[in-house]
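A.B. asks: Under our numbering, the residue at position 173 of the sequence shown is numbered 170, and the numbers go up by one with no gaps.
Don't read these hints as lab results, they were simulated from the structure.
All values reported here derive from a predicted model rather than from experimental measurement.
Heads up, the beta-carbon is just placed ideally off N, CA and C, and yes, glycines get one too.
A couple of the hints might just be wrong.
Said to hold, decoys possible - Each pair of labels, with its calculated beta carbon distance range:
| hint | residue 1 | residue 2 | range |
| --- | --- | --- | --- |
| 1 | A50 | S197 | 32 to 38 Å |
| 2 | R106 | S197 | 38 to 44 Å |
| 3 | F173 | A113 | 49 to 55 Å |
| 4 | L180 | R147 | 30 to 36 Å |
| 5 | R36 | A185 | 15 to 21 Å |
| 6 | V170 | S117 | 49 to 55 Å |
| 7 | A50 | G171 | 17 to 23 Å |
| 8 | E129 | D207 | 31 to 37 Å |
| 9 | D207 | A97 | 24 to 30 Å |
| 10 | R198 | G62 | 25 to 31 Å |
| 11 | R199 | D22 | 32 to 38 Å |
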Amino acid sequence: MLVAIGVDDTGHREVVGVAEGMKEDRASWERFVRSLIERGLKGVRLVAGDRCAGLVATVNAMLPGARYQRCTVHFMRNVLSRVSRKHMAWAAGALKAVFAMESRDAALRKAEDVAAQMESRGLKAAASCLREGIGESTTYLLDDYPVEHRRRIRTNNMIERLNREIRRRTRVVGSFPDGRSALMLICARIRYVTANDWSSRRYLDMSRLDGIMQSTD
-2 MLVAIGVDDT GHREVVGVAE GMKEDRASWE RFVRSLIERG LKGVRLVAGD RCAGLVATVN
58 AMLPGARYQR CTVHFMRNVL SRVSRKHMAW AAGALKAVFA MESRDAALRK AEDVAAQMES
118 RGLKAAASCL REGIGESTTY LLDDYPVEHR RRIRTNNMIE RLNREIRRRT RVVGSFPDGR
178 SALMLICARI RYVTANDWSS RRYLDMSRLD GIMQSTD
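Build the full structure now, drawing on both the sequences and the hints.
C.D. replies: The following block contains the structure:
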């Protein structure tokens, strides 16, 4: 299943789309995003997600006003999966230092320094992974996005929590006769989960965007 969550102009979260997707390829993502646009989706500034080539290509092609933010948590895991146990503690601390930088330029410089140190320790695969993904993992540090929003927009934890709840419920059922029956159950579960605190709790203070939007007009 493909699921999209949006934050509206009041700062509240909303599930804006759920669809059956055979796989996370570009064709599936394009159909999904096109359906959202046809239903009125507009004004998207940032799309956060795990590294999925189909999603990245779709954002670039169909949401020209948006940038892509690769989830920093997933990215760090990808890098650390290429690190030996001997260097794990050091590498984890070094990566956290990269994402603790106050500006994107500083984060990119720090990442290159860490990559060089990885190479000196024989961690060439980890260094290559870091260099390959650091650009799209630091989009949240651009001046287009408020400092106050960084903690929320640098990961896709919001949708991961919802996905965990979906997996928990579908595993209880075990199997479904067809995709439609699975979709109906998942949508019902999503409505139940989001009916609680999603509608009343503000996720982002969107007034923080006012100065940035005025400066870019």
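A.B. asks: None of the hints should be skipped; say for each whether it holds.
C.D. replies: Hints, one by one, checked against the model:
At roughly 37 Å, the beta carbons of A50 and S197 sit within the given window of 32 to 38 Å. Checked against the given bound of 38 to 44 Å, the beta carbons of R106 and S197, roughly 42 Å apart, stay inside it. Here the CB-CB span from F173 to A113 is close to 50 Å, well matched to the stated 49 to 55 Å. The given range of 30 to 36 Å is respected by L180 and R147, whose C-beta atoms sit roughly 34 Å from each other.
Range check, R36 to A185: Cβ separation about 20 Å, and the 15 to 21 Å hint holds. Between V170 and S117, the C-beta spacing of about 51 Å keeps the proposed range 49 to 55 Å intact. Remark: the range hint 17 to 23 Å for A50 to G171 is contradicted by a beta-carbon distance near 31 Å. Hint check: E129 to D207, Cβ distance near 35 Å, so the stated range 31 to 37 Å holds.
A hinted range of 24 to 30 Å for the beta carbons of D207 and A97 is consistent with their spacing of about 27 Å. At roughly 27 Å, the beta carbons of R198 and G62 sit within the given window of 25 to 31 Å. The hinted range of 32 to 38 Å is satisfied by R199 and D22, whose Cβ atoms lie roughly 35 Å apart.
Checked against the numbered hints above, the structure breaks only hint 7 and satisfies the rest.
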